[in-house]
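Enquirer: Sequence:
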Amino acid sequence: MLAVTAIGKSFGGVRALSDASLDCAPGEIVGLIGPNGAGKSTLVNVVTGFLRPDRGTVKLGAREITGLDARAISAAGIARTFQNLRVFGSMTVRQNVEVAHSRCRQLNPQKAARVDPDSLLATFGLTSVAGALASELPYGSQRWLEIARAMATVPDFLMLDEPAAGLNDEETSRLGTVIDGVRHTMGTGILVIDHDLHFINRICKRLFVFDQGSLIASGAPETVWSDPRVIEVYVGASAPVTTSVN
Numbered sequence: 001m002l003a004v005t006a007i008g009k010s011f012g013g014v015r016a017l018s019d020a021s022l023d024c025a026p027g028e029i030v031g032l033i034g035p036n037g038a039g040k041s042t043l044v045n046v047v048t049g050f051l052r053p054d055r056g057t058v059k060l061g062a063r064e065i066t067g068l069d070a071r072a073i074s075a076a077g078i079a080r081t082f083q084n085l086r087v088f089g090s091m092t093v094r095q096n097v098e099v100a101h102s103r104c105r106q107l108n109p110q111k112a113a114r115v116d117p118d119s120l121l122a123t124f125g126l127t128s129v130a131g132a133l134a135s136e137l138p139y140g141s142q143r144w145l146e147i148a149r150a151m152a153t154v155p156d157f158l159m160l161d162e163p164a165a166g167l168n169d170e171e172t173s174r175l176g177t178v179i180d181g182v183r184h185t186m187g188t189g190i191l192v193i194d195h196d197l198h199f200i201n202r203i204c205k206r207l208f209v210f211d212q213g214s215l216i217a218s219g220a221p222e223t224v225w226s227d228p229r230v231i232e233v234y235v236g237a238s239a240p241v242t243t244s245v246n
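Its first residue numbered 1, the sequence shown is counted upward by one per residue in the numbering used here.
Hint data in this document are derived by calculation from the structure and do not stem from the laboratory.
Each hint should be verified, as a subset may be incorrect.
Said to hold, decoys possible - Straight-line Cα separation of at most 20 Å, SDA-like style, residue types lysine to any residue; simulated pairs:
| no. | residue 1 | residue 2 |
| --- | --- | --- |
| 1 | K205 | H184 |
| 2 | K59 | D69 |
| 3 | K59 | S18 |
| 4 | K111 | S128 |
| 5 | K59 | V99 |
| 6 | K205 | S226 |
| 7 | K111 | R174 |
| 8 | K111 | G219 |
| 9 | K111 | R71 |
| 10 | K59 | D19 |
| 11 | K111 | A72 |
| 12 | K205 | G166 |
| 13 | K111 | V99 |
| 14 | K205 | V178 |
| 15 | K111 | P35 |
| 16 | K205 | A72 |
| 17 | K111 | R63 |
| 18 | K111 | R183 |
| 19 | K111 | A220 |
| 20 | K111 | S173 |
| 21 | K59 | E28 |
| 22 | K111 | G56 |
| 23 | K111 | A76 |
| 24 | K205 | M1 |
| 25 | K59 | G8 |
| 26 | K205 | N168 |
| 27 | K205 | A25 |
| 28 | K59 | N36 |
| 29 | K205 | R63 |
| 30 | K205 | A76 |
| 31 | K205 | A220 |
| 32 | K205 | A3 |
| 33 | K111 | G187 |
| 34 | K205 | S173 |
Kindly produce the complete structure, drawing on both the sequences and the hints.
Expert: Dropping the structure here:
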């Protein structure tokens, strides 16, 4: 279980997170939603070691990983993607995946044996462009590559920050299917941040709703969308229809 409890984080006099908490079980897909500035990406940055929290704890199973750097968090079993793409543009598509898988082999050969770069390229529809430079791919394909590279570390938990951003409806639908396949075949727990609420509702069994750095509601989508606090946050927008592929 990934358990994030009572995280606080401020930047100068600005409070970005206050008692922020969530959890995710192995093989579960959860959604982290809220308006711009709610603290979603800040929380992911804390969990993945890009920011050190002022208070609170992050635990992976029985192990506390609060405040470890990003390299140590990755080695512990948490991978992520970024809201702004960070592929290795000067490397080929295959090299992007291979370099991540190579690190996994160094740290845990048994875990690394569960996947291979070719299978990941196939899963994410990148086989035909494996020899192309990552920087030459269209935006949508770079999104796929970033997720494939993250999965090459064979993580226990994967955190996806706006994975559907810039994708068309067909690509977004396929993304949901692939994410659910990863959950099913590898048992990876997945946390998804996205502003596409129909996408979020379709793939997630539980949602965590943040506003102004704090958790205001959590639970099944149908429960969350009937919460008055959530309705207030999303005032002016109709609550999306809830569906699930899980």
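Enquirer: Run every hint past the structure and note whether it holds.
Expert: Here is what the structure says about each hint:
1. K205 to H184: Roughly 14 Å between the alpha carbons, so the hint for K205 and H184 holds.
2. K59 to D69: Distance ~14 Å between K59 and D69 Cα, so the pair holds.
3. K59 to S18: Cα-Cα ~18 Å, so holds.
4. K111 to S128: violated (27 Å)
5. K59 to V99: violated (27 Å)
6. K205 to S226: holds (15 Å)
7. K111 to R174: The given pair, whose Cα atoms are some 26 Å apart, is violated under the 20 Å limit.
8. K111 to G219: With Cα atoms ~32 Å apart, K111 and G219 exceed 20 Å; violated.
9. K111 to R71: holds (17 Å)
10. K59 to D19: holds (15 Å)
11. K111 to A72: It holds: about 16 Å lies between the C-alpha atoms, which stays within 20 Å.
12. K205 to G166: violated (24 Å)
13. K111 to V99: With Cα atoms ~15 Å apart, K111 and V99 stay inside 20 Å; holds.
14. K205 to V178: Between K205 and V178 the Cα gap is close to 16 Å, so the pair holds against 20 Å.
15. K111 to P35: violated (37 Å)
16. K205 to A72: Violated, at about 29 Å.
17. K111 to R63: holds (19 Å)
18. K111 to R183: Cα-Cα ~16 Å, so holds.
19. K111 to A220: violated (32 Å)
20. K111 to S173: Status violated; Cα separation ~29 Å.
21. K59 to E28: Judged against 20 Å, a Cα distance of about 16 Å means the pair holds.
22. K111 to G56: Given that 20 Å is the threshold and the Cα spacing comes to 30 Å, the pair is violated.
23. K111 to A76: holds (12 Å)
24. K205 to M1: Given that 20 Å is the threshold and the Cα spacing comes to 16 Å, the pair holds.
25. K59 to G8: Since the Cα atoms of K59 and G8 sit roughly 15 Å apart, the hinted pair holds (cutoff 20 Å).
26. K205 to N168: violated (23 Å)
27. K205 to A25: Answer holds: K205 to A25 is near 11 Å, not above 20 Å.
28. K59 to N36: Violated, at roughly 26 Å.
29. K205 to R63: Since the Cα atoms of K205 and R63 sit roughly 25 Å apart, the hinted pair is violated (cutoff 20 Å).
30. K205 to A76: Answer violated: K205 to A76 is near 25 Å, above 20 Å.
31. K205 to A220: holds (6 Å)
32. K205 to A3: holds (17 Å)
33. K111 to G187: Measuring from Cα to Cα gives roughly 12 Å; hence the hint holds.
34. K205 to S173: holds (17 Å)
The structure shown violates the earlier hints numbered 4, 5, 7, 8, 12, 15, 16, 19, 20, 22, 26, 28, 29, 30.
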